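Chemist: Residue-level listing of the chains:
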Amino acid sequence: MLLMLTALSAISGLALITGFIFKEGLPIIAKVGLGDFIGSSDWYPSEGRFGILPMIAGSLEVTAGAMVIGVLFGLGCAVLLVDFVPPRAVSIIKPSIELLAGIPSVVYGFMGVVILVPFIRDYLGGPGLSVLAASIVLGIMVLPTVTSISVDALQAVPRAYREGSIALGATEWQTTHMVVLKAARSGIVAAVILGMGRAVGETMAVIMVAGNTIAVPHSILAPVRTLTSNIALEMGYASGDHRQALFATGVTLFVIIMILNTVALTVSRRRGRRAQGQ
Amino acid sequence: MLNGLSLIIGGGRGDVVNAVGSTSVQPFAEMLAQAYEDSHPDLYVDVQGGGSTAGLQAAANGLAQIGMCSRELTPDETKEFQDIVIARDGLAIVVHPSNPIEGLSLDQIRRIFAGEIRNWTEVGGPDRPVRPITREEGSGTREAFVKKVMGKVRIAREALTQESNGSVKELVRSDPAAVGYMSLGLVGGELRAVDVDGAAPTSANVLAGKYPLVRPFLFVTKGKPSEKAQAFIDFVLSPEGQKMLENEGLVRAR
Amino acid sequence: MKIHPHITQRLAVIAMWTLTASTLGVLLFIIAYILGHGLPYVTWSFLTESPKSMGREGGILPMIVGTIWVAGLAVALAAPIGVATAVYLTEYTREGRLTAVIRFGADCLAGIPSIIFGLFGFVFFAIYLGMGLSVISGALTLALMVLPTIIRTSEEAIRAVPHAYREVSYGLGSTRWQMVTQVVLKSAMPGIGTGIVLSIGRSISETAAVMLTAGSALGFPHSVLDSSRTMALHFYILSREGLSMTNAYATASVLILAILVINLAAYWLMRRFIAKVA
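Chains as they are written, first to last, in the numbering used here: chain A, 1194 to 1471; chain B, 117 to 370; chain C, 3 to 280.
In short, the hints are calculated from the structure, not lab data. Some hints could be false.
Unchecked claim - Here are the simulated DMTMM-like pairs of lysine to aspartate or glutamate, each with C-alpha atoms no more than 25 angstroms apart in a straight line:
#1 B:K195 / A:D1434
#2 B:K264 / B:E193
#3 B:K338 / B:E153
#4 C:K54 / B:E364
#5 C:K278 / A:E1291
#6 B:K340 / B:E153
#7 B:K263 / B:D199
#8 B:K268 / A:D1434
#9 B:K195 / A:E1240
#10 A:K1375 / A:D1345
#11 B:K268 / A:D1229
This structure is a prediction, so every number in the text was calculated from the model and none was measured.
Produce the entire structure from the sequences given, and follow the hints as far as they go.
Modeler: In structure tokens form, the structure reads like this:
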């Protein structure tokens, strides 16, 4: 039926994307050798050296930093919204956080360059363009994702849990951290992992505030280049092996994201099934 | 990087001259195109970026009539293309206005960007770490810098990378420890361009050949330029066109 | 010394409020900063003129037009397919292998970073299909990007339509198709509309993917095969190249205002939908 064909569009789109990215990127990985590609720190395309280890480390560090901020603020907002604030306030706060998600990444990057980077440089040291700057900017960007999925997870906890806890004499906060958070745990984990996926995938804002060096960062004040920045920075001019290497960077990124997403989906599906079962 | 890959595949209008290539040449070509269109209302010159190499590719497969290049052609490339020098651009080594350094030798510059010189005191400056800023791989400006200054020596992996002349300028302007390289014509008044090997980075010195860091801005065609392309090229090389380029800080072609 | 639970609750609530307030503070700061610096320069001539001298002077009319084309086409392509997919998943099949595969495809698609979409769009639409850097390449790429969002929100909207509506429709003798189009979809429209509106917002803000597919031409796009620069990309280029900070701020202001309007519209649509089906 026609309807079924259109419904397969999403999966066929995914297949196409996977196919083409791998097709363009795998040959160079074969040529350079997987070990050299992900293990070497030498990214010197003009010499034919394509090692993306600094970028992998960069993406991981920046994402970890982003999640510290994203989870702290995101989960904090979520808990507040679900159990500690009257509906009137929710109708103002929740859309505002969603608005945060709508601001273009280039605006975030710009604000980072104009406000955050000079601040870090003048008061904390280093060039300002740093893991810290990227983590803060990314943390703010993934916060809405963490919040909205966490809110769903927290709201899905049956009222009976909360009422039972209060009936036993607990305060709301005790209920929250001893009962509700535990019950919503897998949903929150899913929120965090999906947030991670978004942080790993962000490009424009990171290019503007991270410094883009090809050295593995040794502190949070050191500049860094992520996998996404690597692609976007050099894609415009690249040709031949260089361009293939950028696609191969894309392949690496793709694999990382797929792993993260599959974990998140499995965790949240399990939560769904468990909630239904009970 | 900023203008992405501008291979024009398909599309394009009949009486359009397509100029594709170096993002360093692009602002000047754009300005000239606008002036040209003002005096020739039926003609349209479409200028896109993409980098010197992309420009050559576009010229090679006929997708652009003019490839814009901000470096000299390699011996292989001269066999395939015809190049016309439309202007010369100095490559400025820029530092923060508070940096007292007046000049550097080519050797010092190379060692700074290679990461060997780590503090400004080593070249007679204040006690600050040196932070070199480079352009991304594939940029014509970077290629020119590597060719003229670095030679076979690698740029330090700790060098900050920015993706445009503008962002290099902005970074050097705000960070007292920074040093970068950029198109001389775009430096403006907020930064200091240091002397190189004793020669001040002025247009006069570039024209006289005294300033060592110079690169040609080329319009490259595959074979003889088309009639419309030639008309635009003639305009660019005319006294009027050359004056416009000079006003923007470039050095005339001849 | 054991701290009284009511005190810990107070502290926790204060902490959460601090987190939430700072999050909202960041949002307000960004909006105020951009609008404060840019709104004075958003004049009628700015909105209706073309850029001169690489964007140093003049306006952003081609960018506005280009953005509308790219985002509008993207959503126009994705919406029918997305809604059809959602209809198929909810009304025409039972939960099983096929639906799981389709959902998996949509969820994975949702997690792919924008730069990967850009790489794919570049190599598939621009080169392989020969569309070049153009409005249509950008629109097709963005359509794939927003498809999962439309599928997800449409599905939720359709599921929220009370069963009673469907039963009444069948009771009156309608076919499934009639029931779906005339009853379910009509009721679900505001909810579906929310997803579509949010997708428009996402398309407008996107930079990495359009950079590699729609290109960055300054001129007017006269056809879908022409390259065009969107507002977000223009803002990025203006601010990075230092061509004109006032124009950069003004462009960003237009973007932010558009996002505000879009989010308000989505919010309003959502409330209408909830009122309708609750």
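Chemist: Now tell me if each hint is right for this structure.
Modeler: Taking the hints in turn, this is what the structure says about them:
1. For the suggested pair K195 (chain B) and D1434 (chain A), the alpha carbons sit about 23 angstroms apart, so the restraint of at most 25 angstroms is met.
2. Among the hinted pairs, K264 (chain B) with E193 (chain B) is consistent with the structure: their alpha-carbon atoms are about 19 angstroms apart, no more than 25 angstroms.
3. Between K338 (chain B) and E153 (chain B) the CA atoms are separated by roughly 24 angstroms; this keeps the pair inside 25 angstroms, and the hint holds.
4. Distance hint between K54 (chain C) and E364 (chain B) is fulfilled; the C-alpha atoms sit about 15 angstroms from each other, no more than 25 angstroms.
5. About 22 angstroms separates the Cα atoms of K278 (chain C) and E1291 (chain A), which keeps this hinted pair within 25 angstroms; it holds.
6. Note on K340 (chain B) and E153 (chain B): the hinted pairing holds, with a Cα-Cα distance of about 22 angstroms set against a maximum of 25 angstroms.
7. For the given pair, K263 (chain B) sits about 19 angstroms from D199 (chain B) by alpha-carbon distance, which is consistent with the 25 angstroms threshold.
8. Under the criterion of a C-alpha separation no larger than 25 angstroms, the hint pairing K268 (chain B) with D1434 (chain A) is consistent with the structure, at around 20 angstroms.
9. For a cut-off of 25 angstroms, the pair hint linking K195 (chain B) to E1240 (chain A) stands: about 24 angstroms separates their Cα positions.
10. At most 25 angstroms may separate the alpha-carbon atoms for a hinted pair to count; K1375 (chain A) and D1345 (chain A) meet this at roughly 14 angstroms.
11. Taken as a hint, the K268 (chain B) and D1229 (chain A) pair is honoured in the structure, with Cα atoms around 22 angstroms apart against an allowance of 25 angstroms.
Consistency with the previously given hints is maintained throughout, with no hint failing.
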